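Line by line, the protein sequences are chains Y and X.
The numbering of the first sequence is my numbering, which starts it at 1 and goes up by one.
The numbering of the second sequence is my numbering, which starts it at 1 and goes up by one.
Keep in mind that the hints were calculated from the coordinates and are not lab data.
Errors might be hidden in some of the hints.
Listed next, the stretches of chain Y that the computed footprint assigns to chain X, with coverage defined by at least 3 CB atoms under 8 Å from CB atoms of chain X [said to hold, decoys possible]: (1) 208-220; (2) 246-260; (3) 270-284.
Dumping the calculated DSBU-like pairs for lysine-lysine here, alpha-carbon to alpha-carbon at most 35 Å [said to hold, decoys possible]: (4) Y:K201 with X:K99; (5) Y:K103 with X:K284; (6) Y:K105 with Y:K201; (7) Y:K284 with X:K181; (8) X:K164 with Y:K201; (9) Y:K284 with X:K99; (10) X:K42 with X:K248; (11) Y:K5 with X:K99; (12) X:K181 with X:K102; (13) Y:K4 with X:K181.
If you want the footprint, here are the derived chain Y segments under chain X, 3+ residues with CB under 8 Å [what the hints assert, rightly or not]: (14) 8-14; (15) 108-114.
Predicted, not measured: the structure shown is a model, and the values here were computed from it.
Quick reminder that beta carbons are idealized off the backbone N, C-alpha and C, glycines included.
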Amino acid sequence: MKSKKKTFETVVHGIFLILGLVTVGCVLLITVYLIVSGIPAIREIGLIKFLFGTKWASTAAEPSYGILPFILTSIYGTAGAIVIGVPIGFMTAVYLAKIAPPKIKTVMESAVSLLAGIPSVVYGLVGMLVLVPAIRNLFRVPDGSSLLAAIVVLAVMILPSIINVSVTALEAVPKEYEDASLTLGATPLETYFRVSVPAAKSGIAAAVVLGVGRAIGEAMAVMMVSGNVANMPSLFQSVRFLTTAVASEMSYSSGLQRQALFSIALVLYLFIMMINAMLNFFLKRNKEGR
Amino acid sequence: MPNKKLSRERRGYIGLMRTLMAVCASLTCALVLFLIVYVLIKGVPNITWELLSTSPSYLTQRIGILPDILNTVYIVIATLLVVLPLGVGAAIYLTEYAKNQKIVAVIEYAAETLSGIPSIIYGLVGMLFFCQFLGMQTSLLAGALTLVIMNLPTIMRTTQESLKTVPQSFREGAFGLGAGKWRVIRTVVLPGCVDGIITGCILSVGRIIGESAALLFTAGFAHALNGFFKGLTSAGATLTVALYVYAKEQGEFDVAFAIAAILMGLTLLINLAAYLTQRYFRRKKAL
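The task is simple: from the sequences and hints, build the whole structure.
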């Protein structure tokens with residue numbers, strides 16, 4: 001009787017262990033699949049030619065597979081989104097964490113979480129019909145579908161991540177720090193920006209890195225506003241990101257072209273892994289910081 | 001005014017920061033408001049009963065989104081059915097069973113990694129693994145399984161958070177009465193983490209409804225009207241994918257905005273539900 005109960009418990013323990021390891025299995029699955037399917041094309045094209053080739057013509061008679069335009073577009077696009085989104089998000093976060101009255105704070109926080117919940121295709125749709133024509137008229141360019149449109153959409157889309165993580169970091173700053181600064185004669189506002197913000201800097205850095213991850217991985221919204229031509233990046237030109245390069249040709253690709261798309265996904269995955277490592281570093285330091 | 005005593009630079013600094021903050025905070029609010037109002041104004045007038053209750057037909061040039069609505073419902077149900085046991089089980093393992101800190105660290109790192117991977121990569125791997133390797137073809141089931149991997153970290157994290165709030169003394173009391181580990185989990189621990197599971201479900205539903213890139217190559221974009229089981233094995237577009245196809249490939253912006261308005265309404269509803277359940281459970285716990 002007793003041993004029967006023991007076996008039963010061991011079995012249950014085993015089942016839960018397996019359920020716990022499913023996550024690890026998924027990560028391994030994704031990594032292995034991307035590497036296995038991404039390597040052949042890189043080998044055939046040549047790593048240097050693939051990464052630094054400036055011409056992508058996958059359907060031409062003499063196809064060439066250089067993904068430098070995609071890599072640069074993704075980097076420029078993300079950088080642009082960060083340049084616009086981070087200051088706005090950061091300032092809003094300081095306001096929410098330190099100054100806003102409770103009622104306004106509740107309302108604004110739910111507004112921000114709503115912003116996070118809006119599907120990316122809706123951003124893409126609004127971008128297509130509001131932003132793209134606006135850019136066309138404002139800057140007098142023939143087509144508004146451009147890197148700039150993608151940057152603005154991405155900047156809006158990363159706002160919630162930046163605001164939420166920064167607010168959490170700012171709220172965790174010990175009150176003693178601020179009290180000390182106030183007692184020494186600093187005004188509240190000076191205290192927030194010169195004491196609280198530096199004390200929360202690892203958390204805010206984590207927010208920025210999270211934003212980078214979101215921006216570089218976004219596909220649908222960007223696909224709808226960036227025009228999707230494999231140009232070298234330029235603010236008013238139609239461009240293609242790493243994500244949209246995969247998405248736009250996948251449905252009709254075959255052979256080496258298809259394999260090259262997997263290689264692009266592998267490159268994107270490596271970027272994301274680097275960003276994840278950075279994010280973990282900052283989050284850890286934020287925890288140990290005090 | 002105490003500010004009078006401050007030097008000019010300090011007053012300037014304070015003024016500048018205050019203005020910047022006001023501008024940025026109101027910009028964020030204005031943005032949210034604009035998005036909601038714009039989408040609803042453009043979309044709601046286009047939502048007709050015919051649109052909601054029919055499937056598209058090339059013969060009569062009619063566009064209906066009933067299949068897309070049903071597909072979304074199917075995929076939400078299928079995903080939750082699979083992800084709940086997996087995620088809750090993993091969370092229980094981490095908080096109740098795991099003694100080896102290394103395994104815990106590995107699992108938690110894996111979950112963090114999963115939540116950082118972009119959806120287009122999920123779509124790609126889902127296509128390779130579920131559709132091709134496991135031979136499911138492009139089907140709602142393949143899409144749902146892809147979304148299971150995506151939502152696993154969410155369910156895991158929310159369940160874990162609420163498991164941590166179940167007092168240790170409850171478990172000890174149950175053990176003291178002679179219950180086995182599984183019995184303790186089933187009768188004491190699980191009922192205690194219902195709030196986390198429900199919160200996780202709501203968050204996941206939001207993510208599933210909003211997801212599109214991961215579904216494009218796994219679930220496809222057919223608009224056939226099917227029952228639940230037939231639907232799972234055949235290709236079908238969810239609302240988001242349908243929006244994308246109508247807007248980008250067919251230029252049917254009226255329909256796209258109608259879908260966008262529906263999605264916006266759902267997003268509002270889900271956020272409200274998440275807020276209310278959190279408040280409800282917090283009050284219940286405080287009692």
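Structure-based check of all given hints:
1. For the segment 208-220 of chain Y, the proposed coverage by chain X is satisfied: 6 residues have a C-beta within less than 8 Å of a C-beta in that chain, meeting the threshold of three.
2. Figure legend: the segment 246-260 of chain Y, annotated as covered by chain X; annotation consistent (4 residues with Cβ-Cβ distances under 8 Å, at least 3 required).
3. Look at the segment 270-284 of chain Y against chain X: 6 of its residues bring a Cβ nearer than 8 Å to a Cβ of that chain, three or more, so the hint holds.
4. Between K201 (chain Y) and K99 (chain X), the direct Cα distance comes to roughly 34 Å. Compliance with the 35 Å bound is thereby established for this hinted pair.
5. About 22 Å separates the Cα atoms of K103 (chain Y) and K284 (chain X), which keeps this hinted pair within 35 Å; it holds.
6. A threshold of 35 Å between alpha carbons decides the hint, and for K105 (chain Y) with K201 (chain Y) the separation of about 22 Å falls inside it, so the pair holds.
7. Proposed proximity of K284 (chain Y) and K181 (chain X) is supported: the alpha carbons are some 33 Å apart, at most 35 Å.
8. With a C-alpha separation of about 28 Å, the suggested pairing of K164 (chain X) with K201 (chain Y) holds against the 35 Å cut-off.
9. Under the criterion of a C-alpha separation no larger than 35 Å, the hint pairing K284 (chain Y) with K99 (chain X) is consistent with the structure, at around 22 Å.
10. Between the alpha carbons of K42 (chain X) and K248 (chain X) the distance comes to roughly 17 Å, so the proposed pair stays at or under 35 Å and holds.
11. With a C-alpha separation of about 21 Å, the suggested pair K5 (chain Y) and K99 (chain X) falls inside the 35 Å cut-off, and the hint holds.
12. Straight-line distance between C-alpha atoms of K181 (chain X) and K102 (chain X) comes to about 22 Å, which keeps the hinted pair within the 35 Å bound.
13. Among the hinted pairs, K4 (chain Y) with K181 (chain X) is consistent with the structure: their alpha-carbon atoms are about 14 Å apart, no more than 35 Å.
14. Coverage of the segment 8-14 of chain Y by chain X holds [criterion: at least 3 residues with CB-CB distance below 8 Å; count 4].
15. Given a C-beta distance limit of less than 8 Å, the hint that chain X covers the segment 108-114 of chain Y holds, as 6 residues qualify and 3 suffice.
The structure agrees with every numbered hint stated previously.
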